[in-house]
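These protein sequence lines are chains Y and F, in that order.
In terms of our numbering, the first sequence is residues 1 to 294.
In terms of our numbering, the second sequence is residues 1001 to 1294.
No incorrect hints appear here.
In silico SDA-like links for lysine to any residue, alpha-carbon gap of 20 Å or less:
id	chain 1	residue 1	chain 2	residue 2
1	F	K1180	Y	N197
2	Y	K180	F	L1168
3	Y	K107	F	Y1292
4	F	K1180	Y	Q196
5	F	K1062	F	R1030
6	F	K1149	F	S1262
7	Y	K83	Y	I109
8	F	K1260	F	Y1151
9	F	K1260	F	R1203
10	F	K1224	Y	Q196
11	F	K1054	F	T1064
12	Y	K200	F	K1224
13	F	K1182	F	R1152
14	F	K1062	F	E1016
15	Y	K224	F	M1198
16	Y	K149	F	R1194
17	F	K1107	Y	R115
18	Y	K107	F	P1134
19	F	K1224	Y	Q204
20	F	K1107	Y	N113
21	F	K1180	Y	H106
22	Y	K180	F	M1198
23	F	K1062	F	I1024
24	F	K1200	F	R1214
25	Y	K200	Y	E253
26	F	K1107	Y	G132
27	F	K1180	Y	G213
28	Y	K200	F	K1200
29	Y	K180	F	S1166
30	Y	K180	F	H1106
31	F	K1200	Y	Q204
32	F	K1062	F	A1050
33	Y	K182	F	Q1196
34	F	K1107	Y	L133
35	Y	K54	Y	Q96
36	F	K1182	Y	S166
37	Y	K83	Y	H106
38	Y	K200	F	R1158
Since the hints were made in silico from the structure, they are not lab data.
Each chain, written out:
2 protein chains.
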Amino acid sequence: MQLIDGKKTAGDIKLELAREVEEIRKSGGRIPHLAAVLVGNDGASETYVASKVKSCEQVGFKSTLLRFEDTVSEAFLLDQIEKLNNDKDIDGFIVQLPLPDHISEHKAIEAINPRKDVDGFHPVNIGRTLIGLPSFVSATPAGILELIKRYRIETSGRHCVIIGRSNLVGRPLSILLSLKNKTGDATVTVCHSRTQNMEKITRQADILVAAIGRPGFVKGDMVKEGAVVIDVGTTRVKSDLTKSGFKLKGDVEFDEVAPKCSYITPVPGGVGPMTVVSLLRNTMLAAKGEIYPV
Amino acid sequence: MQLIDGKKTAGDIKLELAREVEEIRKSGGRIPHLAAVLVGNDGASETYVASKVKSCEQVGFKSTLLRFEDTVSEAFLLDQIEKLNNDKDIDGFIVQLPLPDHISEHKAIEAINPRKDVDGFHPVNIGRTLIGLPSFVSATPAGILELIKRYRIETSGRHCVIIGRSNLVGRPLSILLSLKNKTGDATVTVCHSRTQNMEKITRQADILVAAIGRPGFVKGDMVKEGAVVIDVGTTRVKSDLTKSGFKLKGDVEFDEVAPKCSYITPVPGGVGPMTVVSLLRNTMLAAKGEIYPV
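Isolated chain Y (complex conformation) (with noise of 0.2 Å):
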């Protein structure tokens, strides 16, 4: 069993992006810049936020946090998103969610250039997705899918099942999964709520991936002997051993799974480690205006 260390990838790529900085910024060419649209006092937005803006300083990108009271009107924050998208040094946004419940989030999302939306909500770069043209693809599944490739997971002709129907990752990641080329080809199955005999068909997965956020999940019964486990939970559990009081689990019952793994991610220190890098690498690819040619 091989531990699929996100962290340390993440780290990896981090390295990367500065150095593809550092080249930029000699060559005196324009250094990536991303801005962050936070509306309201949501603790746990915050914290996200800030995260984003601390990685793309630790990389050497520019960042611009715009901060709005959670009363501003929904014309207002549109308006914004115009500004943004009309701001020649700004070369990504995201606009946190979730946002008050005054203000449409589809209405917001949609009002970004697809051009610029770096987060790969909006539905054109969904549709781009699907139909296999080029697409800011969101944080999750990009995240998987580097480290799919950079542990050299083959996935061409294998079964890979996934837990959970979700926007931002389960249905995302059964479409990329099954593209015609490198790090897709393989037969996709969709489990969700409502799926009948789970584990028999999770028993079948050369490649599981769970994300349906019910931590412990999966557990070693429904796992084949030498699959790869991609774990995607992060539900906060209460815990004596944490000085927080709290620690995170994933959705794969770690301690039974692992063992018949030929490779699985942790939790913590698996995807997680990766979404933010994901967002990092959009930007670049943003900058670089490598999704759509300008």
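For chain Y, the structure is supplied; the task is to place chain F on it using the hints.
For chain F alone, coordinates are given in the frame of chain Y:
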């Protein structure tokens, strides 16, 4: 075994649409208006477009056919598309594919206003389908869903296996069948040319969709007793039995498979007749502003 009669169902839907048009006419409303753009003189394309225009007439829609020489420039075509986008009398329009080599099909499709994209090919519509938002769904997947609905075939919790990952059929259908709704909630597996042990997977299918374009690919021993089989294939094969010298053959070896099925679509007369009807339904939805409120 019960035959799923696509021809009859398509006829029923045309009658329903004709009645709806009649009511609109009586109440002094605007009659739905579909435009079709045809570039060049490809024989098959001419046949398809003629059939779409004829179907419009049958249900009482207005229709407009715009024909251009295959020598027109991409810029000219994009300009025509923009005119149709802005033409208030046109509810929806299609650009018949394929286009001549010197015109980018992606550019043409992305130039269509998603609100008028009744073919459902624009990335915005594909992306919205994936995240479960109202969208124009392309003709074949929409037609299959309609058959499933009208024949009251239960999808929830059942294992649906789709052979084929095309952008037009396999991929969008895989999304639609696993959405959280009445014609969804299925566990969905997408198989394709790189799938290993295909028959082991297809034999698990409660609902098997064959959309791979290989006549007679699905044999009797690949199908579970009692399965629902949807055959999307329509390949012309030579035949001594018809005047034209050819007949349409599906992806399913009908004689072997049918006796094992609870339901099966024949070829011809199954999925095929539903496609034009899906386009008419989308045009009606566009006219009523039901996907994108005005």
